[in-house]
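Protein chains in written order, with my numbering: chain F, 1 to 260; chain G, 1001 to 1170.
The set of hints was computed from the structure by calculation and includes no laboratory data. Incorrect hints may have been included.
Stated by the list, open to error - List time: in silico DMTMM-like cross-link candidates among lysine to aspartate or glutamate, alpha-carbon distance up to 25 Å:
no., chain 1, residue 1, chain 2, residue 2
1, G, 1053, F, 217
2, G, 1053, G, 1038
3, G, 1049, F, 217
4, G, 1049, F, 220
5, G, 1053, G, 1128
6, F, 108, F, 179
7, G, 1155, G, 1083
8, G, 1049, G, 1038
9, G, 1049, F, 233
10, G, 1155, G, 1004
11, G, 1053, F, 233
12, G, 1053, F, 219
13, G, 1049, F, 219
14, F, 32, F, 105
15, G, 1053, F, 220
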Amino acid sequence: MVPHEAGWSLTDLLFGLPACAALFLYSWAVYKSNRIGRLRQWPVYRTVLWFAGVLCISAALVGPLAAQSHHSFTWHMASHLLLGMLGPLLMALAAPMTLVLRTLDVRKARRISKLLSSRAVGFYTNPIIASLFNIGGLWILYTTGLFQAMHANLLLHVLVHLHMLAAGYLFTISMIYIDPVSHRHSFRFRTAVFIVALAGHGILSKFLYAYPPHGVEIEDARAGAMLMYYGGDAVDLLLIIVLFHQWYRSARRKPLPAAT
Amino acid sequence: MKTDAKHLQQLQNREVHYKRNLWSGILFGLGFVAFIDETIFHQLLHWHKFYDKSTVAAGLVSDGLFHAFSWFATVGGLYLVADLRRLNALWHKVWWGGKLIGGGVFQLYDGTIQHKVMRIHQIRYQVDIVPYDVVWNVTAVLMIIIGFLLIRNAKQNQMTLKGTVLHGSS
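Isolated chain G (complex conformation) (with noise of 0.2 Å):
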């Protein structure tokens, strides 16, 4: 059978490589959102500012090295999905987990840390911040459990498809 010793070479690769994935996921997750924070809320709505006065010092490192940080991210991230798929061994749903953890955990430092405690900028000005920050973090919360529940379903999934090849109807 052929076509089952092939499927389940690609099984035991993704198992194989089951950290690459997560890895390449939450990395391009990180990259994601802070490209979807830069092209959305910076330069179409203008809702960002570039510079807040009351930025305090660690907030323009921590924003510096985030920034920098999310163009590795992202272009590593892809990189990675290259490698993962001429292995044979790129897993979609860890993938996509991990890309849910990986922007819900970035985003959650940018609306907690970023915006409330190191003041680089808030959501949008004049208006009533509270539902924004409210919405932002929320989100960023649900896309986490969201990643993690993928990933656990990906796991069950994967023992299912196994013995579904193993001791299927072969």
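For reference, chain F alone in the conformation it holds in the complex (with noise of 0.2 Å):
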């Protein structure tokens, strides 16, 4: 359809295959897991998030969406909220890392739950922490030279994107415990953490829609900041759904006794 668009460059090849690999990783793990025989199947449901997931990634780095976000700033955003906001919900809600230590053996698991319980791994899902390289980073993208700079150049370019999925993905676990978690947090700090987090993305949206980044047309701008506000809240809106859900069901406790 687009002429310049046509064939596949060096990003969708490198963004590509680490996504095939995903996909299969997962399938196999789930077929290799799936015949110990003491334990149960693995739910077919969190299969079909981890490929939903992944194919939301996919389309924010390859192909022709990927390809139209170099040159628009809307379309730049819809990958964006794909890359960074569902993409990473749907991989999280698959339970991957659960999957993983249900397929190795009893000793890689465990060298896996110890590294998964050191300090360092704490440090990145704590909450603030991990808001921070979330809505601190897109704060720093949108509103420094970095977005031009990342079309330009493109180890920047895969850098830039590498941090959007990795800082996504951290900040949905740092909320929502679906894997094992030792460093664990209180549902009100989470929840005092997340509205401030979201309400930095918000607030950005606003202030790209009065002061468009560099070398973006006010247009464009502005349809790209309002998909960023409201495609991050319908996003966020499930990821507090799941929150409050979990925080429903760990509440559940016996009623009061007989009155006499």
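Two independent chains are provided; combine them into the complex using the hints.
Now the structure itself:
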């Protein structure tokens, strides 16, 4: 359709191959661990979630949408929502770490769970730190020259996109606990941080509406900013529902003793 | 009298969880009004603007925080309702009172501080704004008053109901 988008670019290969690997490895782990007799079958919906998540991310990084987002801020924002928000949420819901732990033999699994309880992992999955990486990263990307520089430099382009994905995933798993977590934080604390983080996302959207990033046309910036605002709301609404659902299930208690 | 015992149990439950009923209502009311604001005034009528050039920086922050909080309040408030039902302690009148208070307080804050002081946006543009502002804020105050009356009424009701169950026609 669009002539100069024809053919595969280098980034398509750079991002496309790991995405295929992610799909293959997850499927292989499901197959392998389902054959271990003492384990329950891995739920099909988790595999579906994983595929959906990886597809969201791939759509943002590979192919026509990725190509469009070089030229249009609005499309860039659509890919940001897929790459940094919806994709990571779907992937986190697929419980990849649980799958890894049940697939590996006990010794290796122990080593990994030791790693997960390390201080470094505790640091990066702290809700405040994860929010700073995620929302702070976006502020830096759009309010400095980084956004423009990213389009000119391949390495920068790859790094920024990897950061968006990693920060989005960290943020998600710091807020909702699907996989085993050794550094847990209370619901109240996570909710408080989450509110500030979501506000930071919304404020940035309105800020970009008023003050477009360098090199972005005003109309394009406005459409992109509104997409960021409402799209962010929609994805975070899902995340909020999961968070409160987990609270609801964990707060289950016995009814009061019968009145006398 | 099994039904009486059950009824009394429920009355006691909701008294124990009075505050939870009230807060669940307040949170949901706040979220509900914010949601109405967004769907009706921003999206359907297009009266409110996404961004108004006269907005002060604090307004952007206040708007962002309240907008984010309103999502949590809506979802959290409803999960609290589910929790109260699970405890057999949902007190409808107190919940509705809380809802009107929460919604009214937010609407009043939106209509005075956010619209007028921080100038996030006006209710409508290219019209005489005064009647809009008056209706907006008077509605908010009325919601708060009705909310308080409902709660007072609920407490009085509770006393009578308990009296009937305990000393009534059993």
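Hint by hint, here is what the structure shows:
{"no.": "1", "hint": "1053(G) - 217(F)", "verdict": "holds (18 Å)"}
{"no.": "2", "hint": "1053(G) - 1038(G)", "verdict": "holds (19 Å)"}
{"no.": "3", "hint": "1049(G) - 217(F)", "verdict": "holds (20 Å)"}
{"no.": "4", "hint": "1049(G) - 220(F)", "verdict": "holds (17 Å)"}
{"no.": "5", "hint": "1053(G) - 1128(G)", "verdict": "holds (19 Å)"}
{"no.": "6", "hint": "108(F) - 179(F)", "verdict": "holds (17 Å)"}
{"no.": "7", "hint": "1155(G) - 1083(G)", "verdict": "holds (21 Å)"}
{"no.": "8", "hint": "1049(G) - 1038(G)", "verdict": "holds (10 Å)"}
{"no.": "9", "hint": "1049(G) - 233(F)", "verdict": "holds (17 Å)"}
{"no.": "10", "hint": "1155(G) - 1004(G)", "verdict": "holds (19 Å)"}
{"no.": "11", "hint": "1053(G) - 233(F)", "verdict": "holds (23 Å)"}
{"no.": "12", "hint": "1053(G) - 219(F)", "verdict": "holds (15 Å)"}
{"no.": "13", "hint": "1049(G) - 219(F)", "verdict": "holds (15 Å)"}
{"no.": "14", "hint": "32(F) - 105(F)", "verdict": "holds (11 Å)"}
{"no.": "15", "hint": "1053(G) - 220(F)", "verdict": "holds (18 Å)"}
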